[in-house]
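First to last, the sequence lines map onto chains A and B. So for the first sequence, my numbering puts the first residue at 6; every next one is plus one. So for the second sequence, my numbering puts the first residue at 6; every next one is plus one.
Errors might be hidden in some of the hints.
Pulled a few chain A residues facing chain B out of the computed Cβ check, cut under 7 Å [unchecked claim]:
#, residue
1, A68
2, D154
3, K163
4, L167
5, S210
6, R220
7, H226
8, G327
One side of the interface only, derived from the structure: several residues of chain A facing chain B at Cβ under 7 Å [stated by the list, open to error]:
#, residue
9, Q160
10, D184
11, A190
12, W207
13, L224
14, T225
15, Q228
16, H317
17, G318
18, I322
19, T325
In short, the hints are calculated from the structure, not lab data. Quick reminder that beta carbons are idealized off the backbone N, C-alpha and C, glycines included.
Number of protein chains: 2
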Amino acid sequence: MSQYHPLTDPDAIQIARSIPHFFEAEGELVSREIGDGNLNLVFHVSQPGSGRSLIVKQALPYAKVVGESWPLTLDRARIESEALRIEDQFAPGLVPKIYHTDNVLALTIMEDLSNHVIMRQGLMDGGVYPKFAEDISEFLAKTLFFTSDLGMNQQEKKLLTLSFVNPELCKITEDLIFDHPYTDADTNSFDPHLQAEASILWSDSALHLEVAILREKFLTHSQALLHGDLHTGSIFITPQSTKVIDPEFAYFGPMGFDIGAIIANLLLNYAAQEHWSAEETARIGRREYLIETIRDIWVSFERKFRTLWNEHGTDRIAKTPGYQDHYMHRLLQDTIGFAGCKMVRRVIGLSHVADIDRIPDPIVRERAQKKALSIGKSLIVLNRQAQSIEELIAIANSVSKA
Amino acid sequence: MSQYHPLTDPDAIQIARSIPHFFEAEGELVSREIGDGNLNLVFHVSQPGSGRSLIVKQALPYAKVVGESWPLTLDRARIESEALRIEDQFAPGLVPKIYHTDNVLALTIMEDLSNHVIMRQGLMDGGVYPKFAEDISEFLAKTLFFTSDLGMNQQEKKLLTLSFVNPELCKITEDLIFDHPYTDADTNSFDPHLQAEASILWSDSALHLEVAILREKFLTHSQALLHGDLHTGSIFITPQSTKVIDPEFAYFGPMGFDIGAIIANLLLNYAAQEHWSAEETARIGRREYLIETIRDIWVSFERKFRTLWNEHGTDRIAKTPGYQDHYMHRLLQDTIGFAGCKMVRRVIGLSHVADIDRIPDPIVRERAQKKALSIGKSLIVLNRQAQSIEELIAIANSVSKA
Numbered sequence: 006m007s008q009y010h011p012l013t014d015p016d017a018i019q020i021a022r023s024i025p026h027f028f029e030a031e032g033e034l035v036s037r038e039i040g041d042g043n044l045n046l047v048f049h050v051s052q053p054g055s056g057r058s059l060i061v062k063q064a065l066p067y068a069k070v071v072g073e074s075w076p077l078t079l080d081r082a083r084i085e086s087e088a089l090r091i092e093d094q095f096a097p098g099l100v101p102k103i104y105h106t107d108n109v110l111a112l113t114i115m116e117d118l119s120n121h122v123i124m125r126q127g128l129m130d131g132g133v134y135p136k137f138a139e140d141i142s143e144f145l146a147k148t149l150f151f152t153s154d155l156g157m158n159q160q161e162k163k164l165l166t167l168s169f170v171n172p173e174l175c176k177i178t179e180d181l182i183f184d185h186p187y188t189d190a191d192t193n194s195f196d197p198h199l200q201a202e203a204s205i206l207w208s209d210s211a212l213h214l215e216v217a218i219l220r221e222k223f224l225t226h227s228q229a230l231l232h233g234d235l236h237t238g239s240i241f242i243t244p245q246s247t248k249v250i251d252p253e254f255a256y257f258g259p260m261g262f263d264i265g266a267i268i269a270n271l272l273l274n275y276a277a278q279e280h281w282s283a284e285e286t287a288r289i290g291r292r293e294y295l296i297e298t299i300r301d302i303w304v305s306f307e308r309k310f311r312t313l314w315n316e317h318g319t320d321r322i323a324k325t326p327g328y329q330d331h332y333m334h335r336l337l338q339d340t341i342g343f344a345g346c347k348m349v350r351r352v353i354g355l356s357h358v359a360d361i362d363r364i365p366d367p368i369v370r371e372r373a374q375k376k377a378l379s380i381g382k383s384l385i386v387l388n389r390q391a392q393s394i395e396e397l398i399a400i401a402n403s404v405s406k407a
Numbered sequence: 006m007s008q009y010h011p012l013t014d015p016d017a018i019q020i021a022r023s024i025p026h027f028f029e030a031e032g033e034l035v036s037r038e039i040g041d042g043n044l045n046l047v048f049h050v051s052q053p054g055s056g057r058s059l060i061v062k063q064a065l066p067y068a069k070v071v072g073e074s075w076p077l078t079l080d081r082a083r084i085e086s087e088a089l090r091i092e093d094q095f096a097p098g099l100v101p102k103i104y105h106t107d108n109v110l111a112l113t114i115m116e117d118l119s120n121h122v123i124m125r126q127g128l129m130d131g132g133v134y135p136k137f138a139e140d141i142s143e144f145l146a147k148t149l150f151f152t153s154d155l156g157m158n159q160q161e162k163k164l165l166t167l168s169f170v171n172p173e174l175c176k177i178t179e180d181l182i183f184d185h186p187y188t189d190a191d192t193n194s195f196d197p198h199l200q201a202e203a204s205i206l207w208s209d210s211a212l213h214l215e216v217a218i219l220r221e222k223f224l225t226h227s228q229a230l231l232h233g234d235l236h237t238g239s240i241f242i243t244p245q246s247t248k249v250i251d252p253e254f255a256y257f258g259p260m261g262f263d264i265g266a267i268i269a270n271l272l273l274n275y276a277a278q279e280h281w282s283a284e285e286t287a288r289i290g291r292r293e294y295l296i297e298t299i300r301d302i303w304v305s306f307e308r309k310f311r312t313l314w315n316e317h318g319t320d321r322i323a324k325t326p327g328y329q330d331h332y333m334h335r336l337l338q339d340t341i342g343f344a345g346c347k348m349v350r351r352v353i354g355l356s357h358v359a360d361i362d363r364i365p366d367p368i369v370r371e372r373a374q375k376k377a378l379s380i381g382k383s384l385i386v387l388n389r390q391a392q393s394i395e396e397l398i399a400i401a402n403s404v405s406k407a
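Using the sequences provided together with the hints, build the complete structure.
Written out as structure tokens, the structure is:
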């Protein structure tokens, strides 16, 4: 097994059995491949006798997205497992436990979270997650603070960046989030009724300037170790528990990109809460719940990040009067700008979200798409002027009432 | 010779002779160690018969500054030679030619530039360098543009950053430029008559905020491959030729740090042109020459950088209307802020400049120190508000007339 090859169920069982003190020595193991096959193989290996189970996740040497396939580095499995270990160190309990890593086979063996659901699906099913804002703000505050120059020795941080130079996966983000949606690119994918909206987007040079500046931040601002793809499909959830998964896009970038990704995905679900006669009351309640969650995430994040800064700041310069306020203000602005980019690309770009795409009625779906696009564009326009998270909320509210 | 050891003259001769097709086979070689012994051994190896010569530069495993000695990575020799090769690739003729590199011995064999003088000394001796602004603006524009995301493929750039993670030497800059001068640090070194000025500096929290923001840029903005220590002591010069040397501080950082370093060092020499009865007329001429050079550097740099951008930009996003203007404006602001930091530290911090320190008359020297400090502080205060290089020049002019 010293060379890379895609695993079979028997391979997965054999590797899983080698984890010390996990399964009982005698009982039979069962493996079931549960991945979608686009990027990874995911084996659920369980032992019916002991009730124990784990996940064997293996990267495939290609990516398939919307029918297309292109080669993709296996090194992302190493990056994912190293990022998970660092996240577990700084935000314990908020990522799956890692049992074993094999960089040659590009695999990670980790905690089975089958008792959780993917948050995107959970939200689509009307789930309510009262602990989520608390958990995700904790995850963001701790992972971002302790991997930044504010919370980590600066020389140590520089050496850590060596493990997270991630050009191939960053390139996917650079293209699909910061480039293609703003031009008539082949990769774009949108319903025909959005053609006029897309054309407006492609010629809006004031908006393009903001996107160019945000893209530059994504390319050059080595602020902290990001998850890099923190949408609601990268979160396993129950009402009592939050687990962030899949940090294969991890790299050192601008903190606002992670915070903005979460907020954007809640806003995409929000835009999908399209009023529709009979359900109107329920939809209003859903929207209020989502807005409260967004506010709570930012407010809790900011409070926790400032507390970490005050209690664990690495050096005296960071204590300069006014510096923390200035930093948090820029972080809010980045968060709003990146949230906007993350929304626009989910309507016009290659990869969409099920929250909106699976709305059965085409007229309701179109309205949701246009609202998502409108919120996204407004956030991008706002970003460098933003003073408060309430401005983001006001944009969402005004669009939902339009 | 497979392990590191400090070279002797016979070692230097032996290594120099191994360079193919350089020296004549028969003639005797002579070696002379000409370094200052603080950081490096520098052997001048020549062949009197052929008139040929070269430099063997070897890093020492420690740094000595103002009597103190601390260990320092030999990896800086690799970084220096790799940076020189890249600079030579993008700005040919403006760095010494490299003949050979040995990372184990931490040595670089390069072109002998003994026919040049160190620019700091040249300026102190009243030298005039009509080609300098043209050459250094070319060096800055080309090395910074072609190693940034604007001029280099972004994935390639990410891989190149791996070779220039330079924590030890960056730490020296972080401490000596962005930290110690702004507090009562042991490393600071200034004449007793500056005690009151130092105390004001240490308690100026509005200034500290600007320095904290500039330091953050130094720590996190991975814009381009910098020289990292581009003062007039890192430049060999004649009226016809400019050669940038010693890029051992090279790393991916904010472009304005390099441009600001050059301008700061010209302004330090400018502050040393203290009026003094008999010499007044000459001093005025010197000041005008230095100011013209500074203006010319920025104006030429900006013109060349914009031309490179227009002709060699890597992607369509960089062509977004308004983006180039926005970028150049921020670059000017960074340049002014970093120039200010570079000046303050040369008066209050550990390492000074001979331009000022060697002024024989203590009263004239004090006046020069205070002018340098005043210009530096004003530039730091200006930086985020700056609109034009003329504002920097106005500050210098107003201080020199004070």
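Against the structure, the hints:
{"no.": "1", "hint": "A68", "result": "violated, 16 Å"}
{"no.": "2", "hint": "D154", "result": "holds, 5 Å"}
{"no.": "3", "hint": "K163", "result": "holds, 4 Å"}
{"no.": "4", "hint": "L167", "result": "holds, 6 Å"}
{"no.": "5", "hint": "S210", "result": "holds, 5 Å"}
{"no.": "6", "hint": "R220", "result": "holds, 6 Å"}
{"no.": "7", "hint": "H226", "result": "holds, 6 Å"}
{"no.": "8", "hint": "G327", "result": "holds, 5 Å"}
{"no.": "9", "hint": "Q160", "result": "holds, 4 Å"}
{"no.": "10", "hint": "D184", "result": "holds, 6 Å"}
{"no.": "11", "hint": "A190", "result": "violated, 10 Å"}
{"no.": "12", "hint": "W207", "result": "violated, 12 Å"}
{"no.": "13", "hint": "L224", "result": "holds, 5 Å"}
{"no.": "14", "hint": "T225", "result": "holds, 5 Å"}
{"no.": "15", "hint": "Q228", "result": "holds, 5 Å"}
{"no.": "16", "hint": "H317", "result": "violated, 17 Å"}
{"no.": "17", "hint": "G318", "result": "violated, 12 Å"}
{"no.": "18", "hint": "I322", "result": "holds, 5 Å"}
{"no.": "19", "hint": "T325", "result": "holds, 4 Å"}
The structure is inconsistent with the numbered hints 1, 11, 12, 16, 17, although it conforms to all the rest.
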